[in-house]
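Protein chains: 2
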Amino acid sequence: MKNFNYHTSTKILFGKNKINEIAGEILNYGKHVLITYGQGSVIKSGLLEKVKTILADNDIKVSELGGIQPNPRLESVKKGISICKENDIDFILALGGGSIIDGSKAIAAGVKYEGDVWDFYIRKAKVEDALPIGTVLTLAATGSEMNGGSVVTNDETQEKLPISSESLKPKFSVLDPTLTFSVNKYQTASGVVDIMSHVFEQYFTPDMGTELQDNIAEGILKTCINEGPIALAEPENYQARANLMWASSLALNGLTGTGKMMGDWGTHMIEHEVSAIYDLTHGVGLAILFPNWMKFVLNERNAFKFARLGRNVFGIKEEDEVLAANKTIDAIRAFFSSLDMPAKLSEVNIPEEHFKKMGEKACKFGPIGYFRRLNDVAVTEILELSK
Amino acid sequence: MKNFNYHTSTKILFGKNKINEIAGEILNYGKHVLITYGQGSVIKSGLLEKVKTILADNDIKVSELGGIQPNPRLESVKKGISICKENDIDFILALGGGSIIDGSKAIAAGVKYEGDVWDFYIRKAKVEDALPIGTVLTLAATGSEMNGGSVVTNDETQEKLPISSESLKPKFSVLDPTLTFSVNKYQTASGVVDIMSHVFEQYFTPDMGTELQDNIAEGILKTCINEGPIALAEPENYQARANLMWASSLALNGLTGTGKMMGDWGTHMIEHEVSAIYDLTHGVGLAILFPNWMKFVLNERNAFKFARLGRNVFGIKEEDEVLAANKTIDAIRAFFSSLDMPAKLSEVNIPEEHFKKMGEKACKFGPIGYFRRLNDVAVTEILELSK
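Read top to bottom, the protein sequences are chains A and B. 1 is the number of the first residue of the first sequence in our numbering; add one for each residue after it. 1 is the number of the first residue of the second sequence in our numbering; add one for each residue after it.
Any given hint could be a false lead.
It does not matter which identical chain is meant; a pair holds if it fits inside one copy or across any two.
[Said to hold, decoys possible] With a straight-line cut-off of 30 Å between C-alpha atoms, the simulated DSS-like cross-links for lysine-lysine are:
hint, residue 1, residue 2
1, LYS11, LYS126
2, LYS16, LYS2
3, LYS44, LYS31
4, LYS317, LYS305
5, LYS171, LYS112
6, LYS18, LYS171
7, LYS50, LYS171
8, LYS305, LYS387
9, LYS16, LYS305
10, LYS2, LYS44
11, LYS124, LYS79
12, LYS2, LYS50
13, LYS18, LYS31
14, LYS171, LYS2
I should point out that these hints are in silico values taken from the structure, not numbers from a laboratory.
All chains should be built: construct the whole structure from the sequences, respecting the hints.
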């Protein structure tokens, strides 16, 4: 186990009607809030109105930025930064899923920076300070509600890049499972895949001696496999939605990744290249790519880790490590398929045209992945396997 | 899943030599520290000197309170409060295991309270404010390093009582596994039992729909069962010590208990009555009592939860729920015995003389336990089973 610091400073307000507690939390930071949201589902559901009423009742002034897209764009971020600067905003409240939260974090960082906010994403500058943010989560998926990560897409350069900073951790996040009742099957399934992918990225590393983290990782995966199909079949099943929502936060708040050198994140980097060009739903891209990444990186030396996962999570009995590993990968693909997730890029109308370019872009800062290092040729091969 | 707030505000500094980072953390709170410790093992190991050197190098003034006993006594606490008040202490740094930390929390609360600190423990007053504390952990067991709980013993009244408050959560805790290399087999095994007991107390509840919490709980238990025997056989096995140390914190920082109505804690209440009179090592008392509590509360309605534990953690194949439940309890007793933990109170020279009185005292605020409510007669029966 490697040395680590662990500080999950985000306060989680979990459960029905927890939204009623936000005003008290926000007033610790100021009286003028920018509410950010997406394509209007929070208008339709009444959530935006409800939040505005709560804030008005507590004399908190509100500005708004709607229309943030899935895979949040740099333009929205820049618009948000202008609004904050012009209106002396004290606090950003994100209503939505990971894209809204990620975009809001970018705004929060940009407000406190003189230069171009994109500098953070191309590693030209580091986030040192940010406006405080809070979130009201409406989709169980990215875990952004309990960590300091943010991924933003620059349409001009066709780049989708991540940053991470302590100062971008939300001060609080409201996790009310009923707010996810209206999430459709496709998005629910994508969310389940996203959660599981975050666990995989931190589970498949060459680290040894992290029994506890790996056992907890397996517990989160088992939860997804149990509760995911229930949430698809019964969208208003509170317990299933609650388990998935809390799993999304715990999957990427440091819990399963602490004590390891770093996560692998190769598959995420590849998916980012695909969705930078094609605007693919993140979880769908991961569902297509992850089992192929697994097939590609599997070898005799690392088979034991796949086999362990299969035995502990999928009940695979096979004793031979490589055979068990292959069965595990097949079980993961079968589970994703049972959620009606596509298995090939061609199913979501992504041609092989840009595979080589995607491989090169994925490796523009050098080889990716940690469980097994991948160069641009390897990335292109994984994309070929996924076509 | 019940509504909950989750805020693990303690910053964990985990790993070798992390002690070197304490000065920066402490300076956030002040320049005059009370160092608390126990019977002198931190003098022998050189830890106290090392800490004092680090603080001196950073111009942090130090006062000291040594001699805090296992099952920390109210006298030590009162002495600490006096020292803090007389010297305008800004911060308390606890060097040791759960007893030192619990005693230090009591001091921290008492300093900010006009009345008798024991008022908190007899529920006459609530902790509203406390001096900030930090810890350097030397024993993997109680989890006090990452929560707001404190248990103190009043010798005069033969009472050992718990309190819990947000403001008693340590600001930081240093978890350096090498500091537990010198912990002997008996204390190491007691620590493993203590960690597992904390998981049991939160696992055995009547709540439904907490799949995630229960899966994580099972992951922590599996870690204890894997790593405990390794730490006994090889006291300087870093990975085993590291897994146990991090498990101790995660077992009682809210992670497995959130979303449940409350933990059971019946067995802990019973053990507190035994050790209030006999000064028994906490984990040893729990090793004796827990399997007997399980046998006593097991019935046809709740057998499924024991059976689930047995199947997921001990690999029990039995299909009948009650039979599987009994096998699970036997497996737990067998595991504790494999750690050389006693199975009977008579083995630690505790006679049956006070069983009735212990039963009455355990229930002085009413019946205890939540998985199954226990009155004084039931508690006495569990003690009889354990004699």
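I want to check one pair: LYS18 and LYS171. Are their C-alpha atoms no more than 30 Å apart within a copy, between two copies, both, or neither? Intra 15 Å, inter 26 Å, cutoff 30 Å: intra and inter.
Should LYS11 paired with LYS126 be assigned to within, between, both, or neither, using CA atoms and 30 Å as the limit? Both: 25 Å inside a copy, 22 Å across copies.
Can you give me the call for LYS16 and LYS2, within, between, both or neither, at a CA distance of at most 30 Å? Result: close only across copies, 9 Å inter versus 38 Å intra.
If the cut is 30 Å between Cα atoms, do LYS16 and LYS305 qualify within a copy, between copies, both or neither? Cα proximity of LYS16 and LYS305: across copies only (26 Å, versus 38 Å in one copy).
Alpha-carbon proximity context of LYS18 and LYS31, limit 30 Å: Cα proximity of LYS18 and LYS31: one copy only (20 Å, versus 39 Å across).
If the cut is 30 Å between Cα atoms, do LYS2 and LYS50 qualify within a copy, between copies, both or neither? between (45 Å within a copy, 22 Å between copies)
When no copy is named, should LYS171 and LYS112 be tagged within, between, both, or neither for a Cα gap of at most 30 Å? both (17 Å within a copy, 27 Å between copies)
At 30 Å max between alpha carbons, let me know whether LYS44 reaches LYS31 within a copy, between copies, both or neither. Classified as within: same-chain Cα gap 26 Å, cross-chain 54 Å, threshold 30 Å.
Within a copy, between copies, both or neither: which one fits LYS171 and LYS2 at a CA-CA cutoff of 30 Å? Both. Shortest intra-copy (27 Å) and inter-copy (22 Å) distances satisfy the 30 Å Cα cut-off.
Give the relationship of LYS124 and LYS79 under a CA distance limit of 30 Å: within one copy only, between copies only, both, or neither. For LYS124 and LYS79, the Cα distance is within 30 Å only inside one copy (21 Å; across copies 55 Å).
Reference check for the pair LYS317 and LYS305, CA-CA at most 30 Å: within, between, both, or neither? For LYS317 and LYS305, the Cα distance is within 30 Å both inside one copy (14 Å) and across copies (24 Å).
First find the shortest C-alpha distance between LYS50 and LYS171 inside one copy, then the shortest across copies, and answer within, between, both or neither for a cut-off of 30 Å. within (20 Å within a copy, 35 Å between copies)
This entry satisfies every hint, going by the numbered hints stated previously.
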